[in-house]
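Q: Residue strings, one per chain:
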Amino acid sequence: MTAPDSDLIHAEGRIGPSFVNQRTYRRRRLMDMARLLPLLGIVLLMIPLLWSAADDADPVNMSDAFVYIYVVWGGLIALSLLFTWAIRRWAQHWTTEPTGKPETPSVPHHPSEL
Amino acid sequence: MWEQFREGLSPMSRHVVLVEDEPNITEAIRFLLTRDGWEVDTHADGASATAVIQSAQPDLVILDLMLPGKDGLEIVRELRDCETMQALPILMLTARGQMKDRERAEKAGVTRFMTKPFSNREVLTAVRDLHAQANQIEANR
Amino acid sequence: MASLNALILVCLLYVALLFGVAFLADRAALQGRSGKWMKSPLIYTLSLSIYCTGWTFYGAVGYAARSGLEFATIYLGPTLIMISWWWGLRKLVRVGRSQRITSIADLLSARYGKSNALAICITLLAVVSTTPYIALQLQSITLSFEIFADADPTSGFSEQNTVFWVACGLAAFAILFGTRNLNANERHHGVVTAVALEAVVKLVALLAVGIFVVWGIAGGVEATLAQIDASAIGAWQVMPGRWTTTLFLAAAAFICLPRMFQVMVVENVDERHLKLASWAFPLYLLLISLFVVPIAAVGLHVLPDGANPDLFVLAIPMHQGQDALAMLVFLGGFSSATSMVIVAAMALSTMMSNHIVMPYWLRYRSSRVSVSGDVRNVVLIARRLSIAAIMGLGYLYYVLSGGGTALATIGLVAFAGVSQLLPALVGGLFWRGATRNGALAGITIGFVIWVYSLLLPALGDGLLPADVMEQGPWGVGWLRPQALFGLHSLDPIVHAAFWSLGSNTLIFCLVSLMSFPSPIERLQGAQFVHVFEHSTGPRGWTGSVAQAEDLMVMSQRILGASEAQAFFDDERNRQGVRGGLPEPTPGFLERLERELSASIGAAAAHAMIGQIVGGSSVSVEDLMAVADETAQILEYSSKLETQSTELADTARQLRDSNEKLTQISAQKDAFLSQVSHELRTPMTSIRAFSEILRDVEQMQEADQKRYAAIIHDESLRLTRLLDDILDLSVLEHGQVQLNLRSVVLADVLTRAQATALTGIAQPIDVKRDGDREEIKLFTDADRLAQVFINIITNAQKYCDAEKPVLKISVMHTTDWIHIDFIDNGKGIDKEQSQLVFEKFSRIRPENAGGAGLGLAICREVMQRLNGEIEYFAHTTGSCFRVSVPIHQEI
Numbered sequence: 001m002t003a004p005d006s007d008l009i010h011a012e013g014r015i016g017p018s019f020v021n022q023r024t025y026r027r028r029r030l031m032d033m034a035r036l037l038p039l040l041g042i043v044l045l046m047i048p049l050l051w052s053a054a055d056d057a058d059p060v061n062m063s064d065a066f067v068y069i070y071v072v073w074g075g076l077i078a079l080s081l082l083f084t085w086a087i088r089r090w091a092q093h094w095t096t097e098p099t100g101k102p103e104t105p106s107v108p109h110h111p112s113e114l
Numbered sequence: 001m002w003e004q005f006r007e008g009l010s011p012m013s014r015h016v017v018l019v020e021d022e023p024n025i026t027e028a029i030r031f032l033l034t035r036d037g038w039e040v041d042t043h044a045d046g047a048s049a050t051a052v053i054q055s056a057q058p059d060l061v062i063l064d065l066m067l068p069g070k071d072g073l074e075i076v077r078e079l080r081d082c083e084t085m086q087a088l089p090i091l092m093l094t095a096r097g098q099m100k101d102r103e104r105a106e107k108a109g110v111t112r113f114m115t116k117p118f119s120n121r122e123v124l125t126a127v128r129d130l131h132a133q134a135n136q137i138e139a140n141r
Numbered sequence: 001m002a003s004l005n006a007l008i009l010v011c012l013l014y015v016a017l018l019f020g021v022a023f024l025a026d027r028a029a030l031q032g033r034s035g036k037w038m039k040s041p042l043i044y045t046l047s048l049s050i051y052c053t054g055w056t057f058y059g060a061v062g063y064a065a066r067s068g069l070e071f072a073t074i075y076l077g078p079t080l081i082m083i084s085w086w087w088g089l090r091k092l093v094r095v096g097r098s099q100r101i102t103s104i105a106d107l108l109s110a111r112y113g114k115s116n117a118l119a120i121c122i123t124l125l126a127v128v129s130t131t132p133y134i135a136l137q138l139q140s141i142t143l144s145f146e147i148f149a150d151a152d153p154t155s156g157f158s159e160q161n162t163v164f165w166v167a168c169g170l171a172a173f174a175i176l177f178g179t180r181n182l183n184a185n186e187r188h189h190g191v192v193t194a195v196a197l198e199a200v201v202k203l204v205a206l207l208a209v210g211i212f213v214v215w216g217i218a219g220g221v222e223a224t225l226a227q228i229d230a231s232a233i234g235a236w237q238v239m240p241g242r243w244t245t246t247l248f249l250a251a252a253a254f255i256c257l258p259r260m261f262q263v264m265v266v267e268n269v270d271e272r273h274l275k276l277a278s279w280a281f282p283l284y285l286l287l288i289s290l291f292v293v294p295i296a297a298v299g300l301h302v303l304p305d306g307a308n309p310d311l312f313v314l315a316i317p318m319h320q321g322q323d324a325l326a327m328l329v330f331l332g333g334f335s336s337a338t339s340m341v342i343v344a345a346m347a348l349s350t351m352m353s354n355h356i357v358m359p360y361w362l363r364y365r366s367s368r369v370s371v372s373g374d375v376r377n378v379v380l381i382a383r384r385l386s387i388a389a390i391m392g393l394g395y396l397y398y399v400l401s402g403g404g405t406a407l408a409t410i411g412l413v414a415f416a417g418v419s420q421l422l423p424a425l426v427g428g429l430f431w432r433g434a435t436r437n438g439a440l441a442g443i444t445i446g447f448v449i450w451v452y453s454l455l456l457p458a459l460g461d462g463l464l465p466a467d468v469m470e471q472g473p474w475g476v477g478w479l480r481p482q483a484l485f486g487l488h489s490l491d492p493i494v495h496a497a498f499w500s501l502g503s504n505t506l507i508f509c510l511v512s513l514m515s516f517p518s519p520i521e522r523l524q525g526a527q528f529v530h531v532f533e534h535s536t537g538p539r540g541w542t543g544s545v546a547q548a549e550d551l552m553v554m555s556q557r558i559l560g561a562s563e564a565q566a567f568f569d570d571e572r573n574r575q576g577v578r579g580g581l582p583e584p585t586p587g588f589l590e591r592l593e594r595e596l597s598a599s600i601g602a603a604a605a606h607a608m609i610g611q612i613v614g615g616s617s618v619s620v621e622d623l624m625a626v627a628d629e630t631a632q633i634l635e636y637s638s639k640l641e642t643q644s645t646e647l648a649d650t651a652r653q654l655r656d657s658n659e660k661l662t663q664i665s666a667q668k669d670a671f672l673s674q675v676s677h678e679l680r681t682p683m684t685s686i687r688a689f690s691e692i693l694r695d696v697e698q699m700q701e702a703d704q705k706r707y708a709a710i711i712h713d714e715s716l717r718l719t720r721l722l723d724d725i726l727d728l729s730v731l732e733h734g735q736v737q738l739n740l741r742s743v744v745l746a747d748v749l750t751r752a753q754a755t756a757l758t759g760i761a762q763p764i765d766v767k768r769d770g771d772r773e774e775i776k777l778f779t780d781a782d783r784l785a786q787v788f789i790n791i792i793t794n795a796q797k798y799c800d801a802e803k804p805v806l807k808i809s810v811m812h813t814t815d816w817i818h819i820d821f822i823d824n825g826k827g828i829d830k831e832q833s834q835l836v837f838e839k840f841s842r843i844r845p846e847n848a849g850g851a852g853l854g855l856a857i858c859r860e861v862m863q864r865l866n867g868e869i870e871y872f873a874h875t876t877g878s879c880f881r882v883s884v885p886i887h888q889e890i
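Protein chains in written order, with UniProt numbering: chain A, 1 to 114; chain B, 1 to 141; chain C, 1 to 890.
Don't read these hints as lab results, they were simulated from the structure.
Any given hint could turn out to be false.
Computed far set for chain A versus chain C, every beta-carbon distance over 10 Å [to be verified]:
| no. | residue |
| --- | --- |
| 1 | R26 |
| 2 | R29 |
| 3 | R35 |
| 4 | Y70 |
| 5 | R88 |
Label-pair distances were calculated between CB atoms; the ranges are [what the hints assert, rightly or not]:
| no. | chain 1 | residue 1 | chain 2 | residue 2 | range |
| --- | --- | --- | --- | --- | --- |
| 6 | C | E838 | A | L82 | 46 to 56 Å |
| 7 | A | R26 | C | N377 | 27 to 37 Å |
| 8 | A | L82 | C | L12 | 39 to 49 Å |
Here are the simulated DSS-like pairs of lysine-lysine, each with C-alpha atoms no more than 25 Å apart in a straight line [claimed, not checked]:
| no. | chain 1 | residue 1 | chain 2 | residue 2 |
| --- | --- | --- | --- | --- |
| 9 | C | K826 | B | K100 |
| 10 | C | K830 | C | K807 |
| 11 | B | K100 | C | K660 |
| 12 | B | K70 | C | K826 |
Built from N, CA and C at the ideal position, the CB exists for glycine as well.
With the hints as constraints, model all of the structure from the sequences given.
A: And the structure:
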């Protein structure tokens, strides 16, 4: 199985080596989030399987189960929205993130500076 | 007769050909030498420089090392191959100040070698020295 | 109570509205003025809602009334898929777009070496598992008609007739809008827009019923929750096995269903739409299922015993006398069913015509492909017939099964069927070792087990004799369909999913590990698995034997005359050929094949080009095989020599690295010497004139000013040079920070032009491309502008025409934007043109002011921006081409 972010490693190679460890670090954590989100969803959705069912003495109320499922659902949507927002922000700022000393983008050399 | 002789060999004859492709440097040297009483001809192209110098028959040549069309050293060699030009004082200017270049220039037959950027006084001194030396040799002949 | 006639009228009006919307959207797209909203991610998200069919609309409540919250897994599965889009769907969509995939069968066929056998197998599986599903939709429409008819005794309602006409109407709609344009990659804007509209209708309808039930009948949220607890489904009663299985099946089906693949991958206009869909579609699912449990609970309470829970959604408003609401619900259900049927029929017809009809038709008339027959027409007819056939099958299934089975059961059966594609799909995308044989074996075994253990028993009596069900075939007990190998305690769905998918995956992996993929398979595998690294790959045509005319004739027949012409013209421009036809280069053949494969499928396109290029005697596969064998022989013989060569190798490596060091050192010396020269030259002027100004007295004021100006100019030149050197060194060492953002090309060009030509007495006449520059780029605008400024300045400096003109033209291919700067000067000598991008190379020294670093910097900048800069000798002057990739974002 390939690493899902292999394309990013590639992009990294193109953008430039060394420094900006912070940037790479942030991106890795973002990818972790992408991978953890569905896992979190699965775990949360499996929790109801541990509840006592209708045949047992003290079954969980349907309304409670209903509220639980929909709250988890809404939470996952919110996290997904957050992730989308994070990568959009990242796409805009990943190259200009401060890395210690601010580097002013060098002005294109003008032929007629007079 | 006397008049002609005087004109040809007179220490007063001060004619210089300047071969240099940077117009601003040309202008600076021309200004300096003209004020010092020289008649200055300028030329910017390497390929035709030899012919121009030969036809001008100057008392002194100031030559840039890196010229468009032809290398300055090549021009020096061509001039030295020509019989009438063997004693012609050549002052070579170069922006590449490595020892290697100086040796090669001396080997090719350059009389004096000067690295850019130079002071105006250096140039004037060099030009006067070279001219005086040449006249000395000419007189001793 | 609304009469049946009124209902039919409303129905027809609604269909007419859909027709209208689809037609307008199609026409707008055709005229290229499809507005922003049509291409918006919202439409894409809404079109995904064809996942919610009539089964969702009516059946979910029935499902909830029978088994409580288990129904939610059907929506939670897709939610999990959507929120993992970053490493799942994104890759699928990227592959689909880069390979011009037209269906899921096409995708798997392309991945596994363009195997048509696999494509046929998948098409069959898709048809078999979709047919009951279509029947289900017909049933839901008919049932909802029936409920109105029951309330209106005057109508002469006939179930059979209704089903028949509904099927005909849906087939007509699908044919009209699904097969209008042939190139499936041009997408069906009309259908997608109509589907999006239907998505809104069904959501609004369900929400309206839900709100009515919660606040209108039950009396608020608290009361509703209390009523839920008091109802028959008042306690948590989910079977763990079923909960997990349905969650998994829903997730798998969400990506494997042909219709989902169609809207999600094929109709995807822009990969970035997934960003919105990743949270908006789960939200849609949440909303559409939010009121299911309340409706079920209230329905069980309010409606008389024995009412069909599958129709609670419609029965409650009717029971409460809410005619308008009932009508809205009816339209919602109608929307759910129609949109699913139309898209499913479209997707299946594409698969059938591309993978079954076309290959056989081509084989049948193989010798006459480029001579006779209009392939375009054949494809269209094949698709239309396929749609009709699929609807016919759905109708037949409905009539034969007699309807009646609980809706949810059939839905899950279909899910389990298409899920058989999952191992091959996931393996194909993430595992390079997956092979065609593995996929074929896995899918076949899964399909067979699914049919035997789930589909046949679900079809009810008659198909499998009762004694087979109870005692197993020929009395072999451990082969009983619902208790394979003695596993009899499981729920049928769980049982079937476990055995079919389990053995499918196992066989797929085992056979893949044991078999050896063909060369094409290996290449395609690499392209799929590493799709983000290379969107264009090495697979290509080697023969340039193909006659351009033959290719043209063939393409015209398949793509249509004008499109083929445009494609060939584009290629000719790319090659720089003037007039006539482009050369059949390998690259061109590969692009043509992709273009054709969008119309007739990968395998057929490959075969057709093969016929023309190699007279079909030598296929690429053969060439690859030969190359492969050669490589093996070489490998063998080289092994024998290894020992003796190893020593020599080490020595050579040492020599090489020594040489390299010397070379680097020499390069460094040369560079320093150059820099020193370039720095000393302006210094000389500055020093000389400043001394003149200092030493000479009584100078004229004009002279003084002029000399001061020279000093100023030369110091600027010095600064510029230092800037350039620093810039270049930063670029070369990769320590550059790119400020990537979205910019419009026209703005960058305008800025560059202004910067380059301001303050120049006679600026060069710049001719621009107008609208074609209105392209959005994701790049570093400052750096790109720097490149443009350099080129424009060069043109200004070096163009020696009497009336200098610089033409800036923009060309657009799928992956690149080429910006050509063509001037009318005499151009650059051939020898020098190879050196223009080298450091310190001046094109014409006599009128240069720079250090000769400008173009070297340009080249470095373009490399950083993943683009290119090239020089071409052009008939009218010199031409600098700047190429920028279009997709850069992520």
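Q: Hint by hint, note whether the structure agrees.
A: Structure-based check of all given hints:
The Cβ of A:R26 sits about 14 Å from the closest Cβ of chain C, beyond the 10 Å cut-off, so the non-interface label holds. Every Cβ of chain C is farther than 10 Å from the Cβ of A:R29; the closest lies at roughly 13 Å, confirming the non-interface assignment. Listed as outside the interface, A:R35 is inconsistent with that label: its C-beta sits roughly 7 Å from the nearest C-beta of chain C, within the 10 Å cut-off. Listed as a non-interface residue, A:Y70 fails to keep its Cβ farther than 10 Å from every Cβ of chain C; the least gap is roughly 7 Å.
Non-interface call for A:R88 relative to chain C: violated, since the shortest CB-CB distance, roughly 7 Å, does not exceed 10 Å. Restraint check, C:E838 to A:L82: a C-beta distance of roughly 49 Å satisfies the suggested window 46 to 56 Å. One distance hint, 27 to 37 Å for the beta-carbon pair A:R26 and C:N377, is violated here, with the actual separation near 56 Å. Between A:L82 and C:L12, the C-beta spacing of about 45 Å keeps the proposed range 39 to 49 Å intact.
Under the criterion of a C-alpha separation no larger than 25 Å, the hint pairing C:K826 with B:K100 is inconsistent with the structure, at around 39 Å. For a cut-off of 25 Å, the pair hint linking C:K830 to C:K807 stands: about 21 Å separates their Cα positions. Between B:K100 and C:K660, the direct Cα distance comes to roughly 23 Å. Compliance with the 25 Å bound is thereby established for this hinted pair. Between B:K70 and C:K826, the direct Cα distance comes to roughly 23 Å. Compliance with the 25 Å bound is thereby established for this hinted pair.
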